[in-house]
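2 protein chains.
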Amino acid sequence: MKTIEEQELPTKDECAGSLRNIIDALYVLNGKWKIALILSLIQSPKRFNEIKKEIDGISPKILAKELKDLELNDFIKRTVYPTIPVSIIYESTDYSRTLKNVIAELSNWGELHREKVKESMRKE
Amino acid sequence: MKTIEEQELPTKDECAGSLRNIIDALYVLNGKWKIALILSLIQSPKRFNEIKKEIDGISPKILAKELKDLELNDFIKRTVYPTIPVSIIYESTDYSRTLKNVIAELSNWGELHREKVKESMRKE
DNA sequence: GATAGCAGTTTCCTAAAGGAAACCAGTTAC
DNA sequence: GTAACTGGTTTCCTTTAGGAAACTGCTATC
Chain A
0 MKTIEEQELP
10 TKDECAGSLR
20 NIIDALYVLN
30 GKWKIALILS
40 LIQSPKRFNE
50 IKKEIDGISP
60 KILAKELKDL
70 ELNDFIKRTV
80 YPTIPVSIIY
90 ESTDYSRTLK
100 NVIAELSNWG
110 ELHREKVKES
120 MRKE
Chain B
0 MKTIEEQELP
10 TKDECAGSLR
20 NIIDALYVLN
30 GKWKIALILS
40 LIQSPKRFNE
50 IKKEIDGISP
60 KILAKELKDL
70 ELNDFIKRTV
80 YPTIPVSIIY
90 ESTDYSRTLK
100 NVIAELSNWG
110 ELHREKVKES
120 MRKE
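Line order of the protein sequences matches chains A and B. With numbering that gives the first Met the number 0 applied, the first sequence covers 0 to 123. With numbering that gives the first Met the number 0 applied, the second sequence covers 0 to 123.
Think of the hints as simulated: they come from the structure by calculation, not from any bench. If a hint is listed, it holds; no wrong ones were tucked in.
If chains are identical, the list can't say which one is meant, so a pair holds when it fits in one copy or spans any two.
Capping the alpha-carbon separation at 30 Å, the derived lysine-lysine pairs in DSSO-like fashion look like this:
no. : residue 1 : residue 2
1   : Lys-64    : Lys-115
2   : Lys-64    : Lys-122
3   : Lys-122   : Lys-33
4   : Lys-67    : Lys-51
5   : Lys-76    : Lys-115
6   : Lys-99    : Lys-122
7   : Lys-99    : Lys-33
8   : Lys-67    : Lys-117
Go ahead and model the full structure; you've got the sequences and the hints to work with.
This is the structure:
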C-alpha cells in the first residue's frame, strides 16, 4: 500500500499563476497529436511518410495540418533538400526540446495510468 | 537502414512506448480545461461557483460536463453535505495527485512559453 | 506502359468542443 | 414580495477536430 507522499504542491500564491501557465501551455499544445509529433521528431528527424508510419492512425490531412501548425509555432523545422526528387525533412527545434521534461513526466504518467486502467478493468 | 551505434540511441521499443504513453495520457487529459480544473482542486477543495470564479471564462455547462467527466475518471470526488441548503464540495483524489509532476512541469513550461511569446511580439 | 513512392491537397463528412442565454427549484436575506 | 445565491440544466448555435477516400504532380523502377 502506497502512502501518499506529502510533497510540495503549488502554494496558494503560486496557484493563480500556475493556472494561467497551464492554460497558456495547453493553448499551444492542445489536440490529440501535437505532443506525440514533437516527441517523435525529438527522437529523430523524419520525413512525412516516416512520421505517418510511426504515429499510428493519423491521416495525411491531419498530419499536414499539425506539422504546419507546429512549424508556425517554432516547434519543428521543415527543410527541403534539393535531391532528386526533393527530400523534405522535419526536425525538432531547440525550442521544442524545452518540452523534454513535460514530455518525460507525461510519458511516465501515461504508463502509470494505463496500468491503472488495466487493473480497474480486471476488477469489473 | 540504420547501422550506426544503435545501442546508444533509445531503442525503437522505448520510443514507441513513450509515444503510446503520451497518447494514452492525452486521451484522458485532453481538452482546454481538465488539467486546470485538476490543479485548482489539488490546491483546495471548492464548490461549483468557486471553481467557476477561479477558472476564468468557463461556462457553467462546460464546467458541469468537465466535472462529471473528471469524477468518472477518478480524478475528483464530489461530496454532498446535508447542510441546509446542501453544500456540494469538489476535491482532488489521491489519483489526481499522481499528476503533480506533470502539472509542475507543464506550469514551468507554460511560464517560459508566455515569456517567449511576449518577446516575439516585441520584435514584430 | 504500369506501378510505386513521395508529400501532400481536396472534398465530403461526422462528432465533439465550446459558448451565450435562459431557465429551474430551493433558500435566505431585505 | 422580490431579489439574490446555489448548483446546475436546457436550448440553440458556431467552431474545431478529425477521418476516409480520392487525387495530384513528380520521379524512379520494373
